[in-house]
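J.: Chain by chain, the residues:
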Amino acid sequence: MAVQPASIALVQAAKQGDDSAFELLLEPVLGQAYRLACAMLRDHEAAEDVVQEAAFKAWRKLSRVREGSDMRPWFLGIVANECRTVRRSRWWSVVLSGEPEATSESPDETAIANIELRRALKAMDESKRLVLVLHWYLDLPIDEIAVITGISRRGAETRLWRATQELKRRMEGHRGRP
Amino acid sequence: VEDRSLRITFHGALDEVVPPAPWLAAAVRQDLGDRRRQGSAYRPRYKSRDARFAVAGLVMVVLAVAVLAALILTQLYAPIPAKNPIPSPTPNSGQSLPFYQDYGLDLVRMASSTTGWARGGLRTTDSGQHWRDVSPPSLPGSVARRPEFYLDASHAWQGQMFTDHLVIFRTADGGKSWDQAPPLNFRSQAPTWGADPYLQFVDAEHGWLLIESWPEGDPHPDPKISGLYKTTDGGLHWTLISTGPGRAAPGCYFSQGLAFVTVANGWVAIVGCHVGTSRSSLMVTRDGGSTWKVEGVANAGLCAPCIYDPPTFIDSQHWIVLVVDAFYMTEDGGVTWDRRGLPGSDPGLPQAGLGPRASVSFVDPNVGWAFLWGSSRLYRTTDGGRHWALMQSNLPAQAPDAASIIFVDASTGFATHRLSTSGVQLLKTTDGGQSWTEIRYQLVAPAGT
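Protein sequences appear in the order of chains C and X.
Counting along the first sequence from 1, when you hit position 160 you're at 160 in my numbering, and nothing is skipped either side.
Counting along the second sequence from 1, when you hit position 168 you're at 168 in my numbering, and nothing is skipped either side.
So here's chain C without its partners, still in its complex pose (with noise of 0.2 Å):
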């Protein structure tokens, strides 16, 4: 979904105080906030709670938002953020959410893939696996994803050319297993 430059009028009015317009502004990206942090952190549960602590932290910091620019990038930025601090601070998050084994019901083709590829996640660094999340499951320009990730634009294409060439090798690694 292409997300418009936030409006002029409703970050004025934001910015002097208006809580509804402010929650107009955040709304169209929450749904791809939480599967950023869903993706990023495997727990429902805690994307839920990093997409809450994000738009808090986006409340306060309103004020750095310039008139016109677009929300997606920066509010994406704070919850890959967030979804960073989360990770680093709650290490149970990584025991309660453990990969689901294919049934012994031999699952199909399509299901294997997908636990293939989410193992292949899994095994990759934080900052691969959120550069892959955001161009391939979230769609997202690279423009946009340089700007969430903190890094120059060709930056972030050789990190996601590199991340998407371990993910396919690891993915084929994984086929290869009984």
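Just so you know, the hints here were simulated from the structure itself, not pulled from any lab data.
Not one of these hints is a red herring.
Listed next, the in silico DMTMM-like pairs over lysine to aspartate or glutamate satisfying Cα-Cα at most 20 Å (straight line): (1) X:176 <-> X:126; (2) C:15 <-> X:34; (3) C:57 <-> X:31; (4) X:428 <-> X:126; (5) X:230 <-> X:148; (6) C:57 <-> X:34; (7) C:168 <-> X:148; (8) C:61 <-> C:23; (9) C:128 <-> C:172; (10) C:15 <-> C:53; (11) C:122 <-> X:16; (12) C:122 <-> X:15; (13) C:15 <-> X:31.
Not the full set, but computed from the structure, chain C residues with beta-carbon under 7 Å of chain X: (14) 23; (15) 114; (16) 117.
Since the model is a prediction, treat every value here as computed from it, not as a measurement.
Glycine included, every Cβ here is placed at the ideal spot set by N, Cα and C.
Given the coordinates of chain C, assemble chain X onto it according to the supplied hints.
T.: Just chain X now, kept in the frame of chain C:
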């Protein structure tokens, strides 16, 4: 195609573990309201959950330390057992799976209204009712069935990748029998940890094989090791003729495909980027693939165009190259290119990631169709894409970039549409795209299985 498949797999894999959260907006509103009211006294509910988990974690750590200490003490006072020999690594016993077992039906080429090929060696002779896997049997140890190329109803080539070499098979009778070429060792140039092969033939004898691989160790993509091979005997023997077109375009580090138009006159490959970058380039060689240069549409500047696939040839002079929201057509064999828009610039249409937003099929330089991903809309042009008319606004399209169209003549066309959960739907039109009927097709296993 591979990118589309990966995107679809990504969406499928993660959608399974991301439950819908219709309450989220209300929860965020509530949470924000509470925090504003309570100020610094507010304590997020997950903080208290954290505390509970922290206590539980501490208990687990204490228990684990106790168990570990007991184990160490036991070992210290137990006799040392004889060491078992370290088992040798288990060889990869998994064989490569046909493409369609992973991704379903994906049309590659319809040679006529009745006979055609789909990815993975599937062939139909009854207008898509049955698709039989006519691939050669998997060789032991092969890790992937690629590359593949389907020239016409009879001639096809399919490769089987191994970790260090590639074996090409050729059929001249529609998959009834296959000839096996000697192994092509792509690691002989340098140690590599992976390879992307692209294969293309212009007739039953002359073909090119581009193998791009990258060095072992850090997967830095630049420079890549690449080799361009040529055959003049239908793929049974291959000769390395160049280190590949990528070397001619500084900054371009991998290819997206290979497309030769004729043996004698001008062949084209694409070198560019996996995602949209300013370095997308169209490369041309006019000496059989030995030397390459950037030409034509490539000089269009910053990510305009972003090229994702090699040109599609309508005839020897008319080719098209798709970019995100347009396509380029040459009418003089690649000397000059004309940008033409894709139809339907509705702002509400879903954004299809970074790739082209439509599947396009031309049957001659004037008549073509464009199916906009995610829009359910099929358009037709009769003037080479300068103007488009809406033909059909109700084609199924649940997901962006998950459908493709192939027309074999002005009236007969096929469309595949990937359903979110239940495979791929195949549609057919016999009136130029005005009406479509679903073909309830069957995938037929190889003979003898």
